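**Student:** Residue-level listing of the chains:
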Amino acid sequence: MFAYIVRRMLQSVIVLLVVGLVAFSMFRFVGDPIDNMLGQERTQADIDRLRAELGLDQPFPVQYYKFLKNAVQGNFGVSYRQGRPVSTIIAERAPATLELAFVSGFLAITMGIALGVFTAIRRQGIAANVIMTVSLIGVSLPTFLIGILLIYIFSVELDLLPSFGRGETVMIGNWSTGFLTTSGLKALILPAITLGLYQMTLIMRLVRSEMLEVLRADYVRFARARGLSDRVINFRHALKNTMVPVITITGLQLGSIIAFAIITETVFQWPGVGLLFINAIQFVDIPVMAAYLMLISVMFVSINLIVDLLYYAIDPRLRVDARAT
Amino acid sequence: MSLLTINDLTVEFPTRRQLFTAVDHVDLSVEPGEIHGLVGESGAGKSTIGAAIMGLLDRPGRIASGTIKLSGDQISGLDAVAMRGLRGKKISMIFQDPLTSLNPLFTVREQLTETIQAHLGGTDAEANQRARDLIDRVGIPDPDTRLDQYPHQFSGGMRQRVVIALALCTEPDVIIADEPTTALDVSVQAQILDLIKELALERQVGVILITHDMGVIADTTDKVTVMYAGKVVETGPTSQVMGQPAHEYTKSLIAAVPRPTLKLHRFPQISYGGRETRFAIDDMARHWPKVDNDTSKPMFEIRNLTKKFLQRKGLLPWDRTYFTAVDDVSFDIRAGEVFGVVGESGSGKSTIARMIAGLYPVDGGTITFDGQVVSDLTNRAALDAYRKNIQMIFQDPYSSLNPRMRVDDIVAEPIRHHKLMEGSDIKRRVDELLDQVGLGHEAGLKFPHEFSGGQRQRISIARALATQPRFLICDEPTSALDVSIQAQILNILKDLQEHLGLTLLFISHDLPVVRQMCDRVAVMKQGKVVELQETSELFANPQTEYASELLRLMPKLDDLSTDGLEAET
Numbered sequence: 001m002f003a004y005i006v007r008r009m010l011q012s013v014i015v016l017l018v019v020g021l022v023a024f025s026m027f028r029f030v031g032d033p034i035d036n037m038l039g040q041e042r043t044q045a046d047i048d049r050l051r052a053e054l055g056l057d058q059p060f061p062v063q064y065y066k067f068l069k070n071a072v073q074g075n076f077g078v079s080y081r082q083g084r085p086v087s088t089i090i091a092e093r094a095p096a097t098l099e100l101a102f103v104s105g106f107l108a109i110t111m112g113i114a115l116g117v118f119t120a121i122r123r124q125g126i127a128a129n130v131i132m133t134v135s136l137i138g139v140s141l142p143t144f145l146i147g148i149l150l151i152y153i154f155s156v157e158l159d160l161l162p163s164f165g166r167g168e169t170v171m172i173g174n175w176s177t178g179f180l181t182t183s184g185l186k187a188l189i190l191p192a193i194t195l196g197l198y199q200m201t202l203i204m205r206l207v208r209s210e211m212l213e214v215l216r217a218d219y220v221r222f223a224r225a226r227g228l229s230d231r232v233i234n235f236r237h238a239l240k241n242t243m244v245p246v247i248t249i250t251g252l253q254l255g256s257i258i259a260f261a262i263i264t265e266t267v268f269q270w271p272g273v274g275l276l277f278i279n280a281i282q283f284v285d286i287p288v289m290a291a292y293l294m295l296i297s298v299m300f301v302s303i304n305l306i307v308d309l310l311y312y313a314i315d316p317r318l319r320v321d322a323r324a325t
Numbered sequence: 001m002s003l004l005t006i007n008d009l010t011v012e013f014p015t016r017r018q019l020f021t022a023v024d025h026v027d028l029s030v031e032p033g034e035i036h037g038l039v040g041e042s043g044a045g046k047s048t049i050g051a052a053i054m055g056l057l058d059r060p061g062r063i064a065s066g067t068i069k070l071s072g073d074q075i076s077g078l079d080a081v082a083m084r085g086l087r088g089k090k091i092s093m094i095f096q097d098p099l100t101s102l103n104p105l106f107t108v109r110e111q112l113t114e115t116i117q118a119h120l121g122g123t124d125a126e127a128n129q130r131a132r133d134l135i136d137r138v139g140i141p142d143p144d145t146r147l148d149q150y151p152h153q154f155s156g157g158m159r160q161r162v163v164i165a166l167a168l169c170t171e172p173d174v175i176i177a178d179e180p181t182t183a184l185d186v187s188v189q190a191q192i193l194d195l196i197k198e199l200a201l202e203r204q205v206g207v208i209l210i211t212h213d214m215g216v217i218a219d220t221t222d223k224v225t226v227m228y229a230g231k232v233v234e235t236g237p238t239s240q241v242m243g244q245p246a247h248e249y250t251k252s253l254i255a256a257v258p259r260p261t262l263k264l265h266r267f268p269q270i271s272y273g274g275r276e277t278r279f280a281i282d283d284m285a286r287h288w289p290k291v292d293n294d295t296s297k298p299m300f301e302i303r304n305l306t307k308k309f310l311q312r313k314g315l316l317p318w319d320r321t322y323f324t325a326v327d328d329v330s331f332d333i334r335a336g337e338v339f340g341v342v343g344e345s346g347s348g349k350s351t352i353a354r355m356i357a358g359l360y361p362v363d364g365g366t367i368t369f370d371g372q373v374v375s376d377l378t379n380r381a382a383l384d385a386y387r388k389n390i391q392m393i394f395q396d397p398y399s400s401l402n403p404r405m406r407v408d409d410i411v412a413e414p415i416r417h418h419k420l421m422e423g424s425d426i427k428r429r430v431d432e433l434l435d436q437v438g439l440g441h442e443a444g445l446k447f448p449h450e451f452s453g454g455q456r457q458r459i460s461i462a463r464a465l466a467t468q469p470r471f472l473i474c475d476e477p478t479s480a481l482d483v484s485i486q487a488q489i490l491n492i493l494k495d496l497q498e499h500l501g502l503t504l505l506f507i508s509h510d511l512p513v514v515r516q517m518c519d520r521v522a523v524m525k526q527g528k529v530v531e532l533q534e535t536s537e538l539f540a541n542p543q544t545e546y547a548s549e550l551l552r553l554m555p556k557l558d559d560l561s562t563d564g565l566e567a568e569t
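Line by line, the protein sequences are chains A and B. Under our numbering, the letters of the first sequence match residues 1 to 325, in that order. Under our numbering, the letters of the second sequence match residues 1 to 569, in that order.
Hints were generated in silico from the structure; no laboratory data involved. Possibly wrong hints are sitting among the right ones.
Short, incomplete list of chain B residues facing chain A, as computed with Cβ under 10 angstroms [claimed, not checked]:
hint, residue
1, M83
2, G88
3, I94
4, T100
5, L102
6, N103
7, P104
8, F106
9, Q111
10, T115
11, V163
12, A167
13, T170
All of these numbers come straight from a predicted model, not from anything done at the bench. Each residue gets a CB set at the ideal place from its N, CA and C atoms; glycine is no exception.
Model the full assembly from the supplied sequences, consistent with the hints where possible.
**Tutor:** Below, the structure is given as structure tokens:
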């Protein structure tokens, strides 16, 4: 078990290095930050001075090495545009994104599993069929369209919920939270639904098909032959077996909830890291982009690790390997 | 009054096109303490009767007429809630495959106590005590540790004991055992059947034993009902039905059972209710290249063959553990003979076959074919030239044919791969092969799922013969088939050996089949060959304890009628 984790950690480090390398080599094609930073009346001397100051005159491997060296120490450099340390900027923005991702992830998982189980058990029922049909819409509509539709209905026409921003926030230490104010909670509703809808329908359809598979398994028939109640069979025997494959996909989906918050954050002008990233791209703010990409890949890698550990927790068959010493 | 009476039961499955009658006016009764066998080939409706009793018919099946009574009370037609009260409490069921009938994610204790409490209520402590007693009763050693283990930590036989314990949880009156030992090894099968016999007597439970295995019926049951196409063709005390079968179908069914004591030249075919599919061996022999089997030296020389599988991965080499599947095995296969390999599951039989076929790399030792070492071939061309001469027939006719490929493409694939023919010649050859194996060349346009198990195995044979090989590896070729189909396939294989001069490696766990098929037999245990003998010698006079033990556990078929069987002289 311990060896397994160590091996996974090593793999993770390699993944991160590769992501960094790819990201860094791409930055050479997004444009020259100097153009944006200096005004019209720049001289060649200004350009050379700034380029040397930022280290952009050095060869690409050296830049990458310096970036890595600093990144390991938690120093992601200074934003070209804002002139402040990137780590500070991200720390300011992260709570907004994380809160949004948490709420929509929570919605997606609970609703997805509940509806998936429901549609699997009542396969023939009208309600289940309606849900399945509606879920097709959830899968096929793009996120920004859903966001705009929701804004149109609930903000413009009904005027119930705010159309942009986080509302009022409260600072708890360094963490700005929107959970504690009414306006903060109201502002969360639309973006969270927008962001989580796709994942929810995906999880639902996945749970449903896995569950149907499991309900046909011999051990479910045997459980039925032993006279166990439907509730025990469905929610104890079948659901736990359903979870094994569902966890993989769900884990990856949670990662993409945070990573793809970009679109939702843009639609709702949500002051999170996604919006920060979009702005950074416009201004070729390399340190911010690099830090964001590394952050996302760290997250994906750790979610993957957690998923694999969850397998061990759920499926006793995998534990044999660890025990057989 | 009987414990369980079934009167005039008819079960129908309405399909879009027609009404399919799975069980047709069946009568059956079971007394307390009696084991009642229900025998027939697949599709005869045996399992449907079991499902009807349990109220677990798959949709859209329904009981169209007739009644099922348990101790005088009618139980057919009860509503779902009342039926659930009976299931597990009054009637229990044992399923075929112990590997899949236990939930892999719960411990044995959890599954037992859950069932006990669902029916009897009671405290956790009482349920635990009862669970422990049951596990102890079904003969699982060290119940306290074993209770907290998961199903995957038990062997197949032990799992089936757990399944039996689960079925006994609430002192049922009737147990329906649906092919309870089909997935198990011979030695384990004997133990499980003994346990069922013991428990039936001890607890006065009526057991309905559903099986296709005549040996199990003959050894275990008190009474037997023979079914064919949903109808009961014969019923009575086991010794009478087996010894003096009255019905034609029963006679032909019994005649098709391979006997351990009697070597037949050919298996009698089941003549009842269907036509035999012809296998055109003469036609095939005319087109087959003349084989000169040089009997002076062996075709295969296998020396010190070893195969290890990684059992536990480790970061460091000394953390890894290996499982030795084949351990220092040596034998020869003579040209033109049928060489048998028998042993229980996990003894390394199939691993040897795969190494000979070049599917697994060899970890130690050599395989020599026709004087040439083939176990270390890495050169593609040399390997292909060797593989053209050996072909394989697999156990499961369902998964060994690609469901997305048409049958003619399946049969043509080896020809195309080895570039033996081109263009329209391939089609002609494939049609010829399909005609010869008795399927007809029009079968080439269909897909595998349109065929039955026996027909699929014929497709596999056609595919194996496509390259005109000299050596066939048959890995349990009939263990997934009904006894009558098995007889057909075994006859075909015999014909191939006799008329085409093919050499066969025949792997099986079924000793009577081996007795009929093989000239020499190697008995394997835990990766080692423990005994290698002429077949008749092995059966008459086993040299090792293990071989005699296997022979002893083999179902005795002495009571079976031998009408119409002629021993080979």
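**Student:** The structure should be examined with respect to each hint, and the outcome stated for every one.
**Tutor:** So, going through the hints one by one against the coordinates:
| no. | hint | verdict |
| --- | --- | --- |
| 1 | M83 | holds (9 angstroms) |
| 2 | G88 | holds (3 angstroms) |
| 3 | I94 | holds (9 angstroms) |
| 4 | T100 | holds (4 angstroms) |
| 5 | L102 | holds (6 angstroms) |
| 6 | N103 | holds (4 angstroms) |
| 7 | P104 | holds (6 angstroms) |
| 8 | F106 | holds (7 angstroms) |
| 9 | Q111 | holds (8 angstroms) |
| 10 | T115 | holds (5 angstroms) |
| 11 | V163 | holds (7 angstroms) |
| 12 | A167 | holds (8 angstroms) |
| 13 | T170 | holds (8 angstroms) |
Against the hints set out earlier in the document, no violation occurs for any number.
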